[in-house]
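Undergrad: All chains, please: the whole structure from these sequences, using the hints.
2 protein chains.
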Amino acid sequence: MNDQTNILATETAMANAIRVLAMDAIEAANSGHPGAPMGLADVATVLFNRFVSVDPTAPDWPDRDRFVLSAGHGSMLLYAIHHLLGYDDMPAKELARFRQLGARTAGHPEYGHAKGIEVTTGPLGQGIATSVGMALAERLHNSRFGDDLVDHWTYVLAGDGCLMEGISHEAIDMAGHLGLSRLVVFWDDNQITIDGATALSTSTDQAARFTAAGWHVQRVDGHDNDAIAAATEAARADKRPSLIACRTVIGKGAPNKAGSHKVHGAPLGADEIAAAKAAMGWTAPAFEVPANIRAAWQTVSQRGAANRAAWADRLTASDQAGAFRASLSAPDKGALVQAIAAYKADLIAKQPKVATRKASEMALEVVNAALPNMIGGSADLTGSNNTMTSDMVPVTPGDFRGDYIHYGIREHGMAAAMNGIALHGGFRTYGGTFLAFADYCRPSIRLSALMGVPVTYVLTHDSIGLGEDGPTHQPVETIASLRAMPNLTVMRPADVVETAECWEIAATSDRTPVAMCLSRQGLPCIRKDASGENQSARGAYVLSEPEGGRDVTLFASGSEVELILNAAATLADQGIRAAVVSVPSFELFAAQDAQYRDHVRGTAPRIGVEAAIRQGWDLFLDRDDAFIGMTGFGASAPADQLYQHFGITAEAVVAAATTAVQKGM
Amino acid sequence: MNDQTNILATETAMANAIRVLAMDAIEAANSGHPGAPMGLADVATVLFNRFVSVDPTAPDWPDRDRFVLSAGHGSMLLYAIHHLLGYDDMPAKELARFRQLGARTAGHPEYGHAKGIEVTTGPLGQGIATSVGMALAERLHNSRFGDDLVDHWTYVLAGDGCLMEGISHEAIDMAGHLGLSRLVVFWDDNQITIDGATALSTSTDQAARFTAAGWHVQRVDGHDNDAIAAATEAARADKRPSLIACRTVIGKGAPNKAGSHKVHGAPLGADEIAAAKAAMGWTAPAFEVPANIRAAWQTVSQRGAANRAAWADRLTASDQAGAFRASLSAPDKGALVQAIAAYKADLIAKQPKVATRKASEMALEVVNAALPNMIGGSADLTGSNNTMTSDMVPVTPGDFRGDYIHYGIREHGMAAAMNGIALHGGFRTYGGTFLAFADYCRPSIRLSALMGVPVTYVLTHDSIGLGEDGPTHQPVETIASLRAMPNLTVMRPADVVETAECWEIAATSDRTPVAMCLSRQGLPCIRKDASGENQSARGAYVLSEPEGGRDVTLFASGSEVELILNAAATLADQGIRAAVVSVPSFELFAAQDAQYRDHVRGTAPRIGVEAAIRQGWDLFLDRDDAFIGMTGFGASAPADQLYQHFGITAEAVVAAATTAVQKGM
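Residue numbers (my numbering), protein chains in the order written: chain W, 9 to 673; chain C, 9 to 673.
These are computed hints drawn from the structure, not numbers from a lab. A couple of the hints might just be wrong.
Because identical chains share one entry, a pair is satisfied inside a single copy or across any pair of copies.
The calculated DSS-like cross-link candidates involving lysine-lysine, where the alpha carbons are at most 27 Å apart (straight line), are [said to hold, decoys possible]:
1) Lys-366 with Lys-270
2) Lys-358 with Lys-536
3) Lys-361 with Lys-270
Quantities reported herein were computed from a predicted structural model and do not represent experimental measurements.
TA: Here it is as structure tokens:
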């Protein structure tokens, strides 16, 4: 795909078009980052002009190349390119509205805001780490459908910040280990960060570092177009992932400010822009692009469209066309629901007592059998997270036929890779770690939620119930901190049946990621009725309603539901009628109508129980209702002793309920 | 300090004592990780026997060597060593109570639970990253007080997990860049992780990686004592931080299970223990150590005690003794309070309108002048976080006379380093990033809170008020997620005066870290009265009380206090009497007595306002009280437009208050 048409003189003009559009848009917004778009304009122009295969008329074409601007603050680079390529939702007026309310041209590239944005970037390091998941998904999909249908590249532009962030270490090690040969990262090696010269804070030999991680590494002058192209060719020819260190001048084209950290994140000002345009010989009015330059960019789009047409012909001719299309479609919810229903009926008949982490594995056996394109994994806790079902096969370096990823001790890299797998398409995915270590991947969980990517986090060892590992491993605030996040469904099932229901929801979620909080310790089966409805989908439901009205309502999630059931039985012996409400998900409950919510909450005094902090429980509790849980960090001891020590017991619930009922009399 | 007394035959016996104590304690607990203590027993024995200078009778001796077990799951290694060294709080019965409730021998080493535990470890990578802060603090302290008073080493044992975690990248790059020559890391290169062989998930050449980061690197057989000692000598002779890759056999000494991931995290079982002891020729009963072995270990303690005595003589003779002791003491609170009081009086007279991030810099000018041992820094956002006061001087590679750290784009490494600086002693410290990126360092913030280390996180750009950078940079759930964390004081001051008060609290905090949430945008001075009391210390206080009683009470934090003040003025025009409550800190308010809290909350209807989610606001609000804030992620636009767009306006407060008052009538 090395098209020679627009090389030489026009390529410089093509790059200058990016620079000018970026300068003008940032000036209009009086906000933004001109340094990266101007410094990277040559690299990006060579990459698109000679290599990238995308079709603006079909931005979701599955075999397109993925272009990821990991240095997301350089968003105008991406918007300018999309404008020049002719994406129909990126007219000049969108550039002129850069960073304004409702514009497609948000401050950082936002997935879903405009066509062709492959991933939301801005939080540094996330782009490169998500790209690893994309490049992995490409190889996974390729191994299933062959070169005719899946044969594309993932190109990344990353800055110093991306490479300094810890997540980059996890990402590049994974990519090097797995041998993701179709990943090419261009490093904007401009020797400048916000504080000043990179020498203020780093002395790392990045080339040696990437080599140590198993990458193919080259260095080029990031303003020498033929050198950039030759390095890209060499990168594509190598079997390893590739880093191309591009020595660039930040803000190149700004005659006075280029090369300084002052050009990183502030508009250039009218005078500097005028001087820059004069030096380029650029005379067109703001947001107008000369026809010959526009035409040059549109040949890139035409090449992409031709590639797509050829691909479409191959798909039509392929005997795998149906399976290929199915892999990219939403899961067959009907089949899954049916399989889960049968499984649940069996559970209700047998009433197994298992930890919900084990219940998760059992549910996944059903889910993974119904959804052939599931990719599982764990951050080196496979046997603890129970994430590897019986038919799963690990992916190994260079062999992508498997469907299970040993992510290593890399929670953050795993989460970002999961986002990349989901964004790429062709697969659904989940990955496991301990709930306490959700903190290690929280920035990527936030991006799952912000982008609306339906990945599932399997978070086991979800409370002091994990016992002896102690407070570093015991979440007390983690569930609340996850519930705080918009567009994340946090689930904490109480037993094997609820766990199956939660997996049904997670596996068919469309736009919302799920955090599944699971116990280490064994839990009895609390669901007795075989109605078949997915009661967990209500978020909270009355598990047992006393005859003759409620004196008190007990609420709990997960492992504490057993405890309130026991308390209710004791209370019944004392003549106190307690309703028991199981609460697998706050978010799903909040989405119910008021009538349902009021029914569940009831009007009797309420007691909430969760082996975690109270924050968030006001969804169920009034101010004066009691809560039995944690107020500080945990401790190291056997689980049953910890529950006693912290007063999270059926006896405490009984005492609180008795007090509440007496107070109400 | 290379003492030859106990080398050769007894060193093996000394190491076997660790192995036996670890096996027996883990068996007694029926829980724990024998693999690391047994595999690392030789390395640890050589290190202590020939190098480490600690005095169990004075565990906080400032010039002691710091020993950090970054692979915290191998806690029995540390406890066994402390027992053998004769720490008086680590008798055999504590080993026998390993992982039991209230024992000093928690599942993972917990700072403060037993003497000599330098840092809480267990969350992987934290130990090595915290050590970087310790080694930095040692050099900082050395540059101020010289070799006679500060001249010690930081030794770290790290596992594969520590080196796979992203935080290790940030940490080792910082250490290499700064040239932390007194940091020596022993890597337990046992080729095993929980999932199995390291080859399942990594192919990185760690030696090359550390070399790329500017480290001195050696490889040794981790069971060849003289080789370990020679490498340690070479590491100490080099001017760079050092990695010694120790090829070990996990669980060495267990005849059948050594070398397998099965020995990582489960007791060995009685038969295997018996076989191991037989192979070692170990016949002593459980938790008993033969006298000659105990004597050998105690020579290590005796050497440390002699070193300490010599050091104490040097301190006594030093003309810097007073300053040295002062650097290790709690700050002079009286002087600081006085300085802040004068500064506040000036502010109240002048009423400056500044962003609270700028107000933070202004307050820090006062704080840093009063506290000469403050170390500041930022994760490459110095000019945005306003963290560098006028007299601060950056620390540069090899020159540690400065007091400001350019941490680079390494939030996680910064946070862990801050913990290390604080744990080392001699300094107080703060560091800045954007509030949204608190997520990037959350695991280290959690350790600040769990350990009770009084560092301050300067978290600017604290809401949609940052404007155009958009939702990736706009915290909406972050404040709630931080408020969820035990033992963390979250502050969100409303103006320049509250910011000064919050800094007074942060700079004198003893056992609680502080997260200071600060605006990007300018805020008027809302405090008019010059009473001098630190009203922010109450957490929330009545800023204006209407005459004749309240019809409604308005609550807000930070930048939204201006908004409720405006709303109150409009309401007053309408004849509605609104009290205005400023809420700089939920945690500090929750700590007030009930009478004060009830007074502030009042009995009139309440409106809470914060440009963030409601979660947690039930501290102030009843269930039916209104809250005006965010329910989802933000957007990219100028700040004032975003406040309008999301309906966080004085008009909305007025409308809600009017409705609430009418409903109450």
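Undergrad: If a hint holds in the structure, say so; if it does not, say that too.
TA: To see whether the hints hold, each was checked on the structure:
no., hint, verdict
1, Lys-366 with Lys-270, "between (55 Å within a copy, 19 Å between copies)"
2, Lys-358 with Lys-536, "within (10 Å within a copy, 70 Å between copies)"
3, Lys-361 with Lys-270, "between (63 Å within a copy, 26 Å between copies)"
Checked against the numbered hints above, the structure violates none of them.
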